[in-house]
Every structure is written in structure tokens, then in C-alpha cells.
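Number of protein chains: 2
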Amino acid sequence: MEKKISTAVIRRLPRYYRYLNDLLKVDIKRISSQELSERMGITASQIRQDLNCFGGFGQQGYGYNVEVLYKEIGKILGIDKRFTTIIIGAGNMGNALANYENFKKRGFDLIGIFDVSPDKVGKEIKGIKIMHIDSLSDFCAKNRVDIAILTVPAQDISEVAEKIASLGVKGIWNFSPQDLKLSHDVVVENVHLSDSLMVLGYKIAQRG
Amino acid sequence: MEKKISTAVIRRLPRYYRYLNDLLKVDIKRISSQELSERMGITASQIRQDLNCFGGFGQQGYGYNVEVLYKEIGKILGIDKRFTTIIIGAGNMGNALANYENFKKRGFDLIGIFDVSPDKVGKEIKGIKIMHIDSLSDFCAKNRVDIAILTVPAQDISEVAEKIASLGVKGIWNFSPQDLKLSHDVVVENVHLSDSLMVLGYKIAQRG
Numbered sequence: 056m057e058k059k060i061s062t063a064v065i066r067r068l069p070r071y072y073r074y075l076n077d078l079l080k081v082d083i084k085r086i087s088s089q090e091l092s093e094r095m096g097i098t099a100s101q102i103r104q105d106l107n108c109f110g111g112f113g114q115q116g117y118g119y120n121v122e123v124l125y126k127e128i129g130k131i132l133g134i135d136k137r138f139t140t141i142i143i144g145a146g147n148m149g150n151a152l153a154n155y156e157n158f159k160k161r162g163f164d165l166i167g168i169f170d171v172s173p174d175k176v177g178k179e180i181k182g183i184k185i186m187h188i189d190s191l192s193d194f195c196a197k198n199r200v201d202i203a204i205l206t207v208p209a210q211d212i213s214e215v216a217e218k219i220a221s222l223g224v225k226g227i228w229n230f231s232p233q234d235l236k237l238s239h240d241v242v243v244e245n246v247h248l249s250d251s252l253m254v255l256g257y258k259i260a261q262r263g
Numbered sequence: 056m057e058k059k060i061s062t063a064v065i066r067r068l069p070r071y072y073r074y075l076n077d078l079l080k081v082d083i084k085r086i087s088s089q090e091l092s093e094r095m096g097i098t099a100s101q102i103r104q105d106l107n108c109f110g111g112f113g114q115q116g117y118g119y120n121v122e123v124l125y126k127e128i129g130k131i132l133g134i135d136k137r138f139t140t141i142i143i144g145a146g147n148m149g150n151a152l153a154n155y156e157n158f159k160k161r162g163f164d165l166i167g168i169f170d171v172s173p174d175k176v177g178k179e180i181k182g183i184k185i186m187h188i189d190s191l192s193d194f195c196a197k198n199r200v201d202i203a204i205l206t207v208p209a210q211d212i213s214e215v216a217e218k219i220a221s222l223g224v225k226g227i228w229n230f231s232p233q234d235l236k237l238s239h240d241v242v243v244e245n246v247h248l249s250d251s252l253m254v255l256g257y258k259i260a261q262r263g
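Note that the protein sequences, when read in sequence, are chains F and Z. If you use this note's numbering, the first sequence corresponds to residues 56 to 263, in order. If you use this note's numbering, the second sequence corresponds to residues 56 to 263, in order.
Calculated directly from the structure, the hints in this document are not laboratory data. Any given hint could turn out to be false.
If several chains are the same, the list does not tell them apart, and a pair holds so long as it fits within one copy or across any two.
[Said to hold, decoys possible] Each computed DSS-like pair below joins lysine-lysine, with the alpha-carbon atoms no more than 25 Å apart:
1. 197 x 178
2. 159 x 258
3. 218 x 84
4. 258 x 175
5. 175 x 126
6. 197 x 84
7. 160 x 126
8. 136 x 175
9. 236 x 181
10. 258 x 178
11. 197 x 80
12. 126 x 218
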């Protein structure tokens, strides 16, 4: 496998993975790039180009073996790996994510939830007791934490992110509207919900 | 302005818009594609290529006028337009989105929230009373609804989406893990939170 796959391709892989999973569920065993293109709304040439990045699993005149492709993409995405995860910020978004059904299935094990509010600390979400953020250092010393999900208010984000990065977390999933820039070597994935909403607004406006 | 801008470029515009806004806040009046590249983590050639799609607002040796570029991108994104919006599903995610601070600022006015649960109907979020989903048709007959945000459980999604599409809504912002395919002519923007999480997992795994 090539090490250098562009981020744009990587970002499309989870989508392929989902669609292939849907095909497997209805017992479809092989598919052409053309058919996959129609289902996914991506051009067939884009699909062939994307999948060629990792050696290409299609055969001329046959198409793709759905199960093989599904497994290969899963392997590339590291779907067999498990990541320990904590949520910082037990508000509505933190709650929603803690209850997100695909979470565990995709390899992310929630092991801790933190907040500052006395109303929340001590309560449970999904059987996990909410801890005070002051106990974060202790928790990270005792447990390996791969990923921290940040759903704290925008004004607190930099401080919390620097703190959590200094504790050896490998990745941050950031839900604040601010892109994070950290001094520590941590992988950051910024989720900008309003970007997606703006794209929707754009498309509606285009339709007139 | 060209009508045919690729979706990939459109998806990057909100990001340019945010970064330019940050520059304006600290009174930076012009910027080269190189500097913008360093801040945003996009190559300078990608930036030039993207911004060329709408005539390009940069000048050789000067760079981009931040305010002009900010306003132009805002215009393309239709940032001056307002969209009436309802949320269907008043669970944690619905609550989180109703409270999302960038919502109103980006032109989206929340005018209704719907749910089926007797525990929720009648309560208020952000001063908006939660209505029973049975009153949706009535509500849409009396109010123009541009966008419906769907945060209902995955098993209910197709039914609710077809229903809302039949009522004349122009766009759907879908938070269920299932991509929506509708018989009606409605713009759909699917948000797949776990895709972003999988990309984070991939990047962490690559770091070893």
C-alpha cells in the first residue's frame, strides 16, 4: 500500500465503506464503477481513480468484488483498530455524541466524560459517570486516552485543547467553531457544522 | 460569475470565509496566497485555483484584498440570504443544533421544533415550543419552511424525510447515518459524523 494517499481521497473512503456495507447487506457481490457511481453520486472515473490509489481492486469487465473492496478499505481506514476516547463537555452535543450509535461500531470506546458544571459532575451518560475536569490529568495518567472529543464553549477551547494535548492524547475531535492550532504534536480533526449548512444554503439558492 | 463551480470548491468556501473573517478581526487588510496557505493548511496553488473559479480577486505582487475577497465569497455563498428552518427530533442532537451559536449568524432562522415524544412536546428550546410531528403539515401550510434539519432515529428517517419533502421544504440537513434518497426534488446535505471520526482514526494510525 502506498503511504501517501491524498487527504481528499481519505475523506471519501468512509463513504465508500458505508455504501459497500449497504451492498453487502442486500447480498450484492460485485459492482461496476458505473453502478457504484450512480448510487453514490460520484463520477465513475473519480471512483476508479480513488480506488487505484491503493492498487485498485477492480477487474476489467467484472467490476469490483464488493466484499474484498469493503475489507480492503476497512483495513486502510484501520477499522479493526480500537481507540479509547473521552468527551470533554457534557452539554447537548457531548450527550448526543456519547449516545451516537456508530461510535462503538467504528472502533471508538468511550471511557470518560468530563465537565466543569456541578450540575453535571457525578451524573451518568451511557453508564459513564461525568467527572470534574480537574481530574483529567489523573485520569490520563491512569488510562491510555487516544482521542479527546471537545464539545466545550468556543471561548474555552484553546486552553482545554492545549491541556489535553500536553497529557499525551493522540487526537482531538474538535466541535468548536474555531480551527485549533496547537503547539503539541496532536492530530486535530475540526468539525464545522455550519460549513455544511452553508453549502446547503448555497445549493438551495442555486436552485432559485 | 460562473454558474458551474465544482462541489469540492464550494465545500472549501465556508472555510475561506471563516479564515478571512479571522483576518479582518485582527485588521489584516491584504494577504498573499502563500500566507493564506500557511494559515489554512491548503497549498497556495490550490488556493489560487479555487479563487480563480470566480474570476480571481488576487493581484500579482499584491495578493488578495481581504475585505473584498471576504465579501465576494459571502456573496457566492449567499450569506446575505435568510432561510427559515425547522428541527425535527428534539433529542440531544436537536437541542445542540437549536443552541448552535453560528446558526442565526449564518442566516438560518429557527422557526419550529417537532418531536413525537409526549415528554418533549409542549416544552421549549430557545423560546420555541416543541410541537407534535402530527402538526407538521399544518405548520408548513401556514409558514414558509426552507430547510428541515432531521435528527430523528435512523429507522424513522426515510418516512419523515419523504413527508417533509412532500410539504414543499427546499432542503434537508440530514444527521442520520443513512444517506437520503428522495423521490421529491429537495436538496439534501448528509452529515456523517462518524466519517470525520474515521478520518481522525486513520490519521492517528498513520502516525503509528
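How the hints compare with the structure:
| no. | hint | in the structure |
| --- | --- | --- |
| 1 | 197 x 178 | within (21 Å within a copy, 42 Å between copies) |
| 2 | 159 x 258 | between (33 Å within a copy, 18 Å between copies) |
| 3 | 218 x 84 | neither (48 Å within a copy, 33 Å between copies) |
| 4 | 258 x 175 | neither (40 Å within a copy, 32 Å between copies) |
| 5 | 175 x 126 | neither (41 Å within a copy, 42 Å between copies) |
| 6 | 197 x 84 | neither (46 Å within a copy, 48 Å between copies) |
| 7 | 160 x 126 | within (15 Å within a copy, 43 Å between copies) |
| 8 | 136 x 175 | neither (31 Å within a copy, 38 Å between copies) |
| 9 | 236 x 181 | neither (31 Å within a copy, 32 Å between copies) |
| 10 | 258 x 178 | neither (42 Å within a copy, 33 Å between copies) |
| 11 | 197 x 80 | neither (40 Å within a copy, 42 Å between copies) |
| 12 | 126 x 218 | neither (37 Å within a copy, 36 Å between copies) |
Violation of the numbered hints given earlier is confined to hints 3, 4, 5, 6, 8, 9, 10, 11, 12; the remaining hints are satisfied by the structure.
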